[in-house]
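Q: Okay, here's what each chain looks like letter by letter:
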Amino acid sequence: MKITNTIPSDNISEINGDKIDPSEEKTVSLFSINMNNFLSNRLAVVASLIVIFAVIVSIFSPFFAMHDPNKTDLFIRLQPPAWMEGGDWAHPLGADHLGRDILSRIIFGTRVSIAVGFSVIFIATGIGIFTGLIAGYLRGKFDLVISTIVDILLGFPYLIFAIALMAAMGPGFLNIILALVYKEWVIPCRVVRGETLVVKEIEYVEAAQAIGASKLHIMLKEILPNILSPVIVVATTRMATVIILESSLSFLGLGIQPPTASWGNMVADGREFMLEAWWVSTFAGIAILILVLSMNIASLGLRDAFDPRFSET
Amino acid sequence: MENFLKRLLRLVPVLIGISLIVFLMISLTPGDPVQIMLGDQFVTAEMEQALRKDMGLDLPIYKRFGYFLYNASHGNFGRSFFHRRPVMDVILERLPATIELTLCSMLMAIFVSIPLGVLSAVKKGTVYDRSSVVTAMLGVSMPGFWFGIILIIIFSINLQWLPVSGRSTFSMSVPSVTGMLLIDTLLAGEIGSFIDAVKHLILPTITLGMAMGATLMQVTRASMMEVLRQDYILFAEAKGLKWFRVTFLHALKNALIPTITVAAIQTGQLLGGNMIIETIFGWPGVGSLVVQAIFNRNYPLVQAAVLIYVLIYVIMNFTADILYTVLNPRVRL
Amino acid sequence: MKKEDMNHQSPLLRIDKLCTYFNTHSGIVKAVDGVSIKLYPGECLGVVGESGSGKSVTFTSVMGLIKKPGKIMSGTIEFQGQDITRFTERQYRNIRGKKIAMTLQDALTALNPSIKIIDQISEVLKEHDNEIKSQGRRAIKKRAIEMMTLVGIPDAENRLKDYPHQFSGGMRQRIMIAIALSCKPKLLIADEPTTALDVTIQAQVLNLISEIRKELDMSVIIITHNLGVVSEYTDRTVVMYAGQIVENGLTRDVILNPQHPYTKGLLESIPRLSDLGKKIHPIPGQVCDLVNLPAQCRFFSRCSYRTEACRKNIEIRKLDGHGEVRCILIDE
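Protein chains in written order, with my numbering: chain A, 3 to 315; chain B, 1270 to 1602; chain C, 57 to 388.
Simulated from the structure, these hints should not be mistaken for laboratory data. Heads up, a few of these hints could be off.
Claimed, not checked - Pairs of lysine-lysine residues, derived as DSSO-like cross-links and limited to a Cα-Cα distance of at most 30 Å, are as follows: (1) B:Lys-1511 / C:Lys-197; (2) C:Lys-198 / C:Lys-270; (3) C:Lys-86 / C:Lys-73; (4) A:Lys-202 / B:Lys-1275; (5) B:Lys-1393 / C:Lys-124; (6) C:Lys-172 / B:Lys-1511; (7) B:Lys-1392 / C:Lys-86; (8) C:Lys-197 / B:Lys-1522; (9) C:Lys-124 / B:Lys-1522; (10) B:Lys-1392 / C:Lys-182; (11) C:Lys-155 / B:Lys-1522; (12) C:Lys-217 / B:Lys-1511; (13) B:Lys-1511 / C:Lys-182; (14) C:Lys-123 / C:Lys-172; (15) C:Lys-127 / C:Lys-155; (16) B:Lys-1511 / C:Lys-154; (17) B:Lys-1332 / A:Lys-143; (18) C:Lys-182 / C:Lys-123; (19) C:Lys-155 / C:Lys-217; (20) B:Lys-1511 / C:Lys-198; (21) C:Lys-86 / B:Lys-1393; (22) C:Lys-123 / B:Lys-1511; (23) C:Lys-240 / B:Lys-1522.
With the hints as extra help, turn the sequences into a complete structure.
A: So this is what it looks like as structure tokens:
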């Protein structure tokens, strides 16, 4: 933890623990990211670089991949990875049951994960901020309606909701995004609403009201900038979850359909061949693991950077 | 008490809303349910019309919803397209398997993660702590379906220690009393079958319990760390009390409050993970049933299962809410 | 206790050049830097200082409750003749609550919110008093009621099963005192016993401590920043600043005839009715950075009497009479 002021408190428990001077507790989470703090957390930096790398790969997939992900070649059906017997460095991670290069499919699969992850979070957060601000600031009927909807939607376990929706709507890229957004927006909405309720009691909001600022102005200019930091942290954490959800849906066959490569359906494909060709499922799953883990670590680092109070290290 | 009733009352609109959504989702699916149900059978137009009427499909939608609610509250979800039997029967048949798996996963998650979380908080900053945190992160970041498959590849296929799928080996079946193999085998005195049942349970339990366990560990750790910083812990130590008492009575009692509420919520989420894990391990429970039903377009069953899952989830969340107030004397009194 | 008598007895507690440092991310904080205090049986000592002066840390060190990143670096602490800095955790636990008891500033946070009061009192008894433990639950309950009544909690018997938040602030403080005194310790360390309380309750609590002190023939250390408390209830006073003792003496000497500029400043900054209409004189400036300590008098930047001669480490000196002061400007 960074302490800028080294006057230690005389209070025993404040020295033995890492509690901060009580007067600091009253500050609201301001949108001030402590870049130094973030950069000093090497793990978070590495994780963020991995995420950025994934984004680059997803955009420039054709440049990274050595083969066409959909090109089948039954001669190399179920070829093992390069370092094993029978493997070949032309297909470093082996080939699947249709002779498609696994590495290339993983690279193209990045597109699906990143695209779904970013779009869902982007849209859901947008909707969430909008509804959360209205519910939190305007209260009254708005709050009642929005909160009830939120409660109802929260009453569904995530996966079941998504599965049911996908079953109803049918598979496809747009449908997945829709299905996931349907439930995802309630999470930023709840965060925004909660923060708005706190922030609107702070003096500068009252001050703005006193000089006759319009409600819209207050919501956008006074409240919003100050609640952004928790919203961003939540958004990055949720992105990791959304990516797992998409891969789960694709795994079940309800998401991205073959032959389009999605990490989820790659794992599903490999299930039949667990006995003889473990690599078909394994590497795709490792890709999910790496990306999601990096996002989780990066978002933890972000959270610490915004508000070192909550650092656990 | 009236607090409790108030909360219960607030559930009602939520439950109705959920039922409505489930109902609509299914009603608005593409495809004519009558056609799907009949499949390839040849029927006359009159028979089809009669069937339609029988299923209430000729009624306006709000009436259908009313009937739906009425029937549902009586446990009547119609007949399964696929099984040609009442949906409720089919579900109830498979329910014990799911309950057994969910219960075991929950217990494993709780009894492994909470102590680990406590120890991690107490030994904050040490190697032990750091590795626990990393493991928890991994547990949360791993897709459950993949983890299950990896476990199968390693332990069932390569090492051959454990069976690949299913709930029990056919030859080891025992008379069904509770439907839960662990209990039934013991009741029948068949130790061999008991061990067989346990072997089949291990991998699915670990897979299902992993995500819940990882989150629970993180929550316990965080909550314990927060509690250990409090003045009352210092005061307890100043009284000269033993470490054990300070950590497990003074600290844990307070730290468990958020932990248990999270555990209740997580149990609800276990249900979601249920479907995938059951499918991977060929576990004959409600989860795999639902997945099949979706692909078979067996809508009455999907509808019923979703509704039941949701109901359990809502109840678990409600329980979590109540638990929080009950456990925290400051709120209760 | 006459001051002549005090000289012939051996001290109950003797802190000798104690140094407790904290290894933080920004550097080593010298919270307690060479503190020496003597406390005699039956005496009431006041320890005065601002936040950051090291007053609480000194006595947390005495209790052996300094945790990472803090550590007692050097010095000795003798209690009843034994050097307790060498104690194992087990030996410490034998003292805590039994021979030395401590109360904290805020009774609301010091009492466990999830545990009933009866349990919070009885656990101390069960831990340290084998005799009463062997007499069973009823005996323990009886003693708990005695303690509660002693500190002035009405209807004690019925209130035993209540939780801390069901009591008012003043009562909680009393309960904390009851818990601390249940094993009749030789020394009570009261850390800011009045800070979280209303003025009227403050007096009640302090009077209570005084009475019990006489009854149990106990020594008391009152840690506070409130000179009013010190002047009325203590025999001797120690003034601390930035981890060091700057003045030490009989309370009436320190209050009526302060020697150290800091003590003078503290007394001057108290607004008095007789000074109506005059300016208030706070001590200017802030406490120095305890990580990067300059090799000079630590009060230098705020002292109105400072000279160039003060730019070196100042040792503490004995004064005529029974006091000490850490200032080179005071004549013998």
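Q: All the hints need checking, so say for each whether the structure fits it.
A: Now for the hints, and whether the structure bears them out:
1. B:Lys-1511 / C:Lys-197: Holds: Lys-1511 (chain B) and Lys-197 (chain C) sit about 21 Å apart, inside 30 Å.
2. C:Lys-198 / C:Lys-270: 23 Å, holds
3. C:Lys-86 / C:Lys-73: Cα-Cα ~13 Å, so holds.
4. A:Lys-202 / B:Lys-1275: 28 Å, holds
5. B:Lys-1393 / C:Lys-124: Given pair Lys-1393 (chain B), Lys-124 (chain C) holds - Cα atoms ~11 Å apart, limit 30 Å.
6. C:Lys-172 / B:Lys-1511: 19 Å, holds
7. B:Lys-1392 / C:Lys-86: Satisfied, since the Cα-Cα distance of roughly 25 Å is no more than 30 Å.
8. C:Lys-197 / B:Lys-1522: 23 Å, holds
9. C:Lys-124 / B:Lys-1522: 24 Å, holds
10. B:Lys-1392 / C:Lys-182: Since the Cα atoms of Lys-1392 (chain B) and Lys-182 (chain C) sit roughly 28 Å apart, the hinted pair holds (cutoff 30 Å).
11. C:Lys-155 / B:Lys-1522: Holds: Lys-155 (chain C) and Lys-1522 (chain B) sit about 28 Å apart, inside 30 Å.
12. C:Lys-217 / B:Lys-1511: Cα-Cα ~23 Å, so holds.
13. B:Lys-1511 / C:Lys-182: 11 Å, holds
14. C:Lys-123 / C:Lys-172: 27 Å, holds
15. C:Lys-127 / C:Lys-155: Roughly 23 Å between the alpha carbons, so the hint for Lys-127 (chain C) and Lys-155 (chain C) holds.
16. B:Lys-1511 / C:Lys-154: 13 Å, holds
17. B:Lys-1332 / A:Lys-143: 29 Å, holds
18. C:Lys-182 / C:Lys-123: 26 Å, holds
19. C:Lys-155 / C:Lys-217: 27 Å, holds
20. B:Lys-1511 / C:Lys-198: 24 Å, holds
21. C:Lys-86 / B:Lys-1393: 24 Å, holds
22. C:Lys-123 / B:Lys-1511: Cα-Cα ~16 Å, so holds.
23. C:Lys-240 / B:Lys-1522: 29 Å, holds
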